[in-house]
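Based on the hints, put chain F with the ligands in the right spot on chain V.
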Amino acid sequence: MKKDQEKEINQKARDLLNQLSALLRTSHVHDTANEAVISGIDRLVSVVNELADDQQTVGLKLRGEYFYLNDLRIRYSLEHLINFDFLTREFKKRELGGVIFISNVNHNDIRTFIAAFISSSFSQKPFDSIEKKMSEVQSVTVEKLMKIAESEPLDPKKMVRKTYFNAVSYASGIMRKIHTGEKVSLKTSKRIVASVVDQIVEEEQLLLGMTVIKEYDEYTYHHSVNVSILSMALGQRLGMNRKMLTDLGMMALFHDIGKINVPNEILNKPASFDEDEWKIIRKHPFWGAKALLKLRKIDEFSIKSAIVAFEHHLNYDLSGYPKIRRRFELDLFSRIISVADWYDAITSARVYTRTPLPPDRALYVMLENSGTRLDPLILKFFINMVGVFPIGTIVMLNTNELGFVSGTNQLFLKRPKVTIIIDREGYRVTGTTVDLTEKDEQNEYIRTIIKTVNSAKYKMTIARYLQ
Amino acid sequence: MPGNDDIYQVIEIIRLFLKSKKILKMYPFNNPLCINIMDTCFAKFTEFFSINEKLSLKIGQNNILYDSEAVYSSTGKEDNLALFFFKDGLREITFKRGLSREDLYDFLKIISFDFSSDSVDDDVVTLLWEKDFQNIQYVVEEITLSDEEDYESRAVAEIEEKNTDDESLLGAYEDTLRNGSSVKDMEIALLTDKDLQDLAVEFEKDEYDKTGKLIEILFEMFLLSETEDDFNDLTGFFVGVIEYLLGMEDIDTATGILLKLNHLKDANGVSKEIRNCSKNILINISTGNIINLLGNMLDGSNKINDKMIEDFVKCLDEKAIKPMVLILGDLKKIHSRKLIVEALIILGRRNMDSLMEGLNDSRWYVIRNIIYVLRKIGDRKAVDCLFKTIRHGDVRVKKEVIRAFGELGGAGVLAALRNCLDDPDYQVELAALTEIGNIRSEGAKRTILKRISAGDFGERNFEEKKKYYEVISKWKDKEVRDFMADIIDKRTFFGRTRNYENRACAAYCLGLIGNRESLPLLDKYRNDGNRLFSEFITEAIRQIEHEKGSGKRN
Ligand SMILES: [Fe+2]
Ligand SMILES: [Fe+2]
Chain V
4 MKKDQEKEIN QKARDLLNQL SALLRTSHVH DTANEAVISG IDRLVSVVNE LADDQQTVGL
64 KLRGEYFYLN DLRIRYSLEH LINFDFLTRE FKKRELGGVI FISNVNHNDI RTFIAAFISS
124 SFSQKPFDSI EKKMSEVQSV TVEKLMKIAE SEPLDPKKMV RKTYFNAVSY ASGIMRKIHT
184 GEKVSLKTSK RIVASVVDQI VEEEQLLLGM TVIKEYDEYT YHHSVNVSIL SMALGQRLGM
244 NRKMLTDLGM MALFHDIGKI NVPNEILNKP ASFDEDEWKI IRKHPFWGAK ALLKLRKIDE
304 FSIKSAIVAF EHHLNYDLSG YPKIRRRFEL DLFSRIISVA DWYDAITSAR VYTRTPLPPD
364 RALYVMLENS GTRLDPLILK FFINMVGVFP IGTIVMLNTN ELGFVSGTNQ LFLKRPKVTI
424 IIDREGYRVT GTTVDLTEKD EQNEYIRTII KTVNSAKYKM TIARYLQ
Chain F
92 MPGNDDIYQV IEIIRLFLKS KKILKMYPFN NPLCINIMDT CFAKFTEFFS INEKLSLKIG
152 QNNILYDSEA VYSSTGKEDN LALFFFKDGL REITFKRGLS REDLYDFLKI ISFDFSSDSV
212 DDDVVTLLWE KDFQNIQYVV EEITLSDEED YESRAVAEIE EKNTDDESLL GAYEDTLRNG
272 SSVKDMEIAL LTDKDLQDLA VEFEKDEYDK TGKLIEILFE MFLLSETEDD FNDLTGFFVG
332 VIEYLLGMED IDTATGILLK LNHLKDANGV SKEIRNCSKN ILINISTGNI INLLGNMLDG
392 SNKINDKMIE DFVKCLDEKA IKPMVLILGD LKKIHSRKLI VEALIILGRR NMDSLMEGLN
452 DSRWYVIRNI IYVLRKIGDR KAVDCLFKTI RHGDVRVKKE VIRAFGELGG AGVLAALRNC
512 LDDPDYQVEL AALTEIGNIR SEGAKRTILK RISAGDFGER NFEEKKKYYE VISKWKDKEV
572 RDFMADIIDK RTFFGRTRNY ENRACAAYCL GLIGNRESLP LLDKYRNDGN RLFSEFITEA
632 IRQIEHEKGS GKRN
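The listed protein sequences derive, respectively, from chains V and F.
Convert by adding 3 to the 1-based position in the first sequence; the result is the number in the numbering used here.
Convert by adding 91 to the 1-based position in the second sequence; the result is the number in the numbering used here.
Hints in this document: simulated from the structure, not taken from any laboratory.
Every clue listed holds true.
Computed list of chain V residues with no C-beta within reach of chain F, every gap over 12 Å:
1. E53
2. T60
3. L65
4. N111
5. V140
6. V145
7. D158
8. D277
9. W281
10. G410
Subject to a maximum C-alpha distance of 30 Å in a straight line, what follows is the list of computed BS3-like cross-link-like pairs (lysine-lysine):
11. V:K190 - V:K165
12. V:K217 - V:K246
13. F:K301 - V:K300
14. V:K186 - F:K178
15. F:K187 - F:K149
16. V:K95 - F:K149
One side of the interface only, derived from the structure: several residues of chain F facing chain V at Cβ under 8 Å:
17. E243
18. M277
19. E307
20. I308
21. G331
Owing to the predicted nature of the structure, the values given are computational and were not obtained by experimental measurement.
Ideal placement from N, C-alpha and C gives every residue a C-beta, glycine not left out.
So here's chain V without its partners, still in its complex pose (with noise of 0.2 Å):
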């Protein structure tokens, strides 16, 4: 099904439940012959065969929490909560799982449904009430709700991964709407954001090891949210509090706004820039900033995204772009975003570099240029915290197993935990971490990197156990 349709199909959805919704209250007070019923039955009966025209069946279905249409999981903001919340109640309290629409429904049809929904509340078996009264109708059926087992609790990697694809997927679809100039509200920006805040406090490390991954959909998208992690991550080594931590999540998840103005082929390009590319590639900051100005009111958020936006690739010693008259301090949040930013396009194998570094190469490159591009202050802490051997850099043993660093060790740098993809006989193994501050009997250290690796080969099976 292409995007649009199933849109369109989802809007749909949601007027149906809408509709439905809004019946079963009326006729909870009135009985079927009022005009306000009536009218209701009407207005459903006309969704219904709308629907009926382009999908011939309209199955609504309620599966655990949610509703689906035929296949389709109807997707509801916050507006609709109430409505939806009202049928699943109502649904559940019946046992009925779903009801099918056949082409041609009267509004008849939909008047017996709706009586029979209504009185079966008085039944000690309501479903059934309803099935039997349903059973002269052709053109509408019941289905009776299927119990669903109660889901065991999720583990953290889970979690994390959960947390870090709805970001990802999040960043995607705002930054879309806000290129074509749809309102867009915060509200929602903020909560995946604190659910980010939580998890760097207790799964740090795991949500850096997702920011490893980049090998999927557009670039943009999980790079914000990339650079938004590391910032935080980085921000919480500093010593923010939830707020700072949240308004720098924030302000990093749309540093690279701008870009939503760059065409697609030039963002996508697989060979190096020429100098005209380069020269729309460096107006992001400008048009980032533009962009965010125009998001709503000027406010605070307003002004220090707009900020970062707009700093982002100047450097400390203030060359980068966009070129600037007057001198000025770049604020902190865009000195933090700036060294996320420089690591994480720096590992990635787009826009910035062809051939991605090593996550130990890029520190290397990154302390060359301390000082002078990056704040010297800012880069020791976020070097601290990511160690000798930052998660995702793969690793070859002297035990010659190869794996990638997927925790780090605060006290011994040069020790990270490591998850082994390939024995020392050279077999592919399903992923055992090990601690590389294990010693042994004779109180030598069991295992100790000897080579780091750069190959795009590793890099893509590394996903696999990040997942």
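Just chain F with the ligands now, with coordinates in the frame of chain V:
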């Protein structure tokens, strides 16, 4: 199992939540009413916690349950506390023993917060989350926050697709064994106390308001703008920033921006686009919205720098005149009104017509202010308009018009003032008389002399008459002196008292004129039997004699 007592206590607590919500929305938090309700609420909690460990509320859409008893229910959409929590995903809130007064206060402030504005990024959940309360816990239902719910599986599938097969992976492994680069010995500098101190300084700096920085960036963006769109957007941003600054009562920064734009708008060596855009911005901030904000600021702030306001106003476009006239009538503080009047004196010169439209305002005090402004501007163009205003029903307006007439002069003014002399309100007459005196023209003189000679003049009370003579004394010529001499010499049998009053006034007038040539005449009546008359004669002589030393200054 909680008893009935608990339930009642919880119901009371919920009631206090609702009441706090209402009161805290209406008054600033430090208002005694607010403090009082929050204290009451805290006291209730203290009472509850003296027996119970915790208070756990289950949130439904239309009700709140405590231990499966409904302690609140409402089916409304507005003011439904259950729904208020429910719609943001809150499903349970638990208060635990040890809840501090501060935390409860903060909680109550959060629930009173106005979330309706577009520019609010918070919902109840994020605010609670940000506070990170020790003894208030809550459960939030997970809601799908993004548009695409199975984004995760799509992304994972895409990653899977690119996954390296085992064979090439092992090939790579062999390759690494042989060729991989050895570890570079990178030393990481450990963090020092100095680093932490430097960081503390950075944090301190970060607390300052960042608007100044944004403004610098906006001016940089000026230079970076290329398209018409860019310039239009920038115009909007500058207007937005000015609005924001006025909202923050930061007139200094706002004025700084305007002065800079005002300079740019005709600066040499600046592109035409930038000059035009600067001009445009100044026009766009001369709107009702900005002027209202300015007015609110003037009324609301105690630290207004008058010079800043003046500079601010000077940069505005004449379009600001109308909205300024409008707010003139709404401002509460005298000082605010004064500043706006001053502003209108500056701006009004640029477009008198716009200013004079204010004369049609329904509020007399606004009209009076506008007339004052017109007087200060001193442009005779205003006179024509004021002929209409002089018919205004309010004496205070009339008086102001009369003063304006006197100051501005011009054709028709004398006639209008002459009409005012017939006004039933003496205040108006007096004002007109004074202004006629100020005009000092031949026509003005005639007008007054004619009034004095009129048959019914004598019937007026003494003080009123005296005023006329006082005004006419400003003409110190022979005609007036002769006129006075005639009155002094005039005797009559009828209405003698009135006649003596007139003669006394004439003596008074000669005294004010101070010409020694009047002395013989005055001397003649020095011992007149009428006490009032002779007193004025004596006083006039004394005055003229006294003037002797100072020469013929008059
Ligand atoms: Fe960027
Ligand atoms: Fe970036």
